[in-house]
Amino acid sequence: MAWFWQRNKSKDVLKERLKLTLAYDRAQLAPGMVDALKNDLLEVLKRYFPAEHDALNVELEQRGEKVVMIANIPLR
Amino acid sequence: MDARAIVVTSGKGGVGKTTTTANVGAALAKLGEKVAVIDVDVGLRNLDVVMGLEGRVVFDLIDVLEGRCKRSQALIKDKRLDGLYLLPASQTKDKESLDPEKFRHLVKALIEEEGFNRVLIDSPAGIERGFQTAATPAEGALVVVNPEVSSVRDADRIIGMLEAREVRENFLVINRLRPKMVERGDMLSVEDVQEILGLRPIGIVPEDEKVLVSSNEGEPLVLKNGSLAGNAFMDVARRIRGESVPFPDFREKSGLMGTLRKLFGGG
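Protein chains in written order, with this note's numbering: chain S, 1 to 76; chain W, 1 to 267.
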């Protein structure tokens, strides 16, 4: 019956947004930079094997004290 | 907290720094400490009016730092409470006239020579020089944060800066919490804020209309008994003094809807 009362909780949306924003803040990076990096990365990758923009996923993540950048590159 | 010099800060303005300073200062005095609360918001003096001591300001912080008066002349003794003193900010000078090293020495002298157990420093909003100066003598900090997006983001920057300045004993004061909204999932919970900012709370203060009423009247809430926010500030002071005080549950006793919701497996 829980579905009856469930809806998107705005605080969960905020929590995700804040975590991402703070990861960029702490790393002193502009969020737009990661997109530019993604495009550059893709260009380099394409020289070696087929890669697609949409499949490439670059994210920042807080791991303890450090902010790490994680790239997920699916190979076909 | 071992820290005797504590800066009250937040980054964002309007989240309750001055209210926290006034009330925690008064609460510490009520518990028997000799406390100085210092307004460092030069040019935008407010701690005096919140505490209801505006009529007694003669000299100010800059006067002391520049040697125009003695420390004891500028410290306003709160007649309602033994051991509570206010050092007001200057309303006419600007923040540049506040020398960080002179300020550090003043706070040191208050503790070592004037016998103050605790000095609470009300920092200006922002991350610039005013905040930096306010943090200079601090050994610990109360980071006041509201559970909303901009306050949390700004608090994160302030925490980073405190750590860079080697201010070590830092705690959150989560202010203006609305338990009903938290229950609905429309406001970050205490646990959420703690998880995001990586700092432990020393105070949880629910939204309370009495805060505004008390500032209207210039009477810190902790001077009277029986308000939610006043009790919460009193608890902050006890925790600062090392008492282990559990955080109360602010959720209202569930009425019919609450009971129904629980029956159906929701919140």
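Some hints here could point you the wrong way.
List time: in silico EDC-like cross-link candidates among lysine to aspartate or glutamate, alpha-carbon distance up to 20 Å [claimed, not checked]:
(1) 12/W <-> 40/S
(2) 19/S <-> 63/W
(3) 12/W <-> 2/W
(4) 79/W <-> 33/W
(5) 30/W <-> 219/W
(6) 30/W <-> 2/W
(7) 11/S <-> 139/W
(8) 102/W <-> 166/W
(9) 102/W <-> 148/W
(10) 19/S <-> 186/W
(11) 11/S <-> 207/W
(12) 15/S <-> 183/W
(13) 180/W <-> 148/W
(14) 11/S <-> 192/W
(15) 15/S <-> 186/W
(16) 66/S <-> 166/W
(17) 9/S <-> 148/W
(18) 66/S <-> 195/W
(19) 30/W <-> 163/W
(20) 34/W <-> 128/W
(21) 11/S <-> 183/W
(22) 19/S <-> 191/W
(23) 9/S <-> 54/W
(24) 12/W <-> 112/W
(25) 12/W <-> 163/W
(26) 224/W <-> 114/W
(27) 9/S <-> 166/W
(28) 34/W <-> 139/W
Hints are computed from structural coordinates only; laboratory data are not their basis.
Against the structure, the hints:
1. 12/W <-> 40/S: Not OK: residue 12/W and residue 40/S at ~36 Å, beyond 20 Å, violated.
2. 19/S <-> 63/W: The hint is violated at about 44 Å.
3. 12/W <-> 2/W: Roughly 26 Å between the alpha carbons, so the hint for residue 12/W and residue 2/W is violated.
4. 79/W <-> 33/W: 15 Å, holds
5. 30/W <-> 219/W: Measuring from Cα to Cα gives roughly 14 Å; hence the hint holds.
6. 30/W <-> 2/W: 19 Å, holds
7. 11/S <-> 139/W: Violated. Residue 11/S to residue 139/W sits at ~33 Å, over the 20 Å cutoff.
8. 102/W <-> 166/W: 19 Å, holds
9. 102/W <-> 148/W: Given pair residue 102/W, residue 148/W is violated - Cα atoms ~36 Å apart, limit 20 Å.
10. 19/S <-> 186/W: Measuring from Cα to Cα gives roughly 17 Å; hence the hint holds.
11. 11/S <-> 207/W: Answer holds: residue 11/S to residue 207/W is near 18 Å, not above 20 Å.
12. 15/S <-> 183/W: 15 Å, holds
13. 180/W <-> 148/W: Distance of about 15 Å is within 20 Å: holds.
14. 11/S <-> 192/W: 9 Å, holds
15. 15/S <-> 186/W: With Cα atoms ~11 Å apart, residue 15/S and residue 186/W stay inside 20 Å; holds.
16. 66/S <-> 166/W: 18 Å, holds
17. 9/S <-> 148/W: 14 Å, holds
18. 66/S <-> 195/W: Distance ~15 Å between residue 66/S and residue 195/W Cα, so the pair holds.
19. 30/W <-> 163/W: The hint is violated at about 31 Å.
20. 34/W <-> 128/W: Violated. Residue 34/W to residue 128/W sits at ~30 Å, over the 20 Å cutoff.
21. 11/S <-> 183/W: 10 Å, holds
22. 19/S <-> 191/W: Measuring from Cα to Cα gives roughly 14 Å; hence the hint holds.
23. 9/S <-> 54/W: Since the Cα atoms of residue 9/S and residue 54/W sit roughly 44 Å apart, the hinted pair is violated (cutoff 20 Å).
24. 12/W <-> 112/W: 32 Å, violated
25. 12/W <-> 163/W: 18 Å, holds
26. 224/W <-> 114/W: Roughly 28 Å between the alpha carbons, so the hint for residue 224/W and residue 114/W is violated.
27. 9/S <-> 166/W: Not OK: residue 9/S and residue 166/W at ~37 Å, beyond 20 Å, violated.
28. 34/W <-> 139/W: Distance of about 18 Å is within 20 Å: holds.
Hint compliance for this structure: hints 1, 2, 3, 7, 9, 19, 20, 23, 24, 26 and 27 are not met, and every other hint is.
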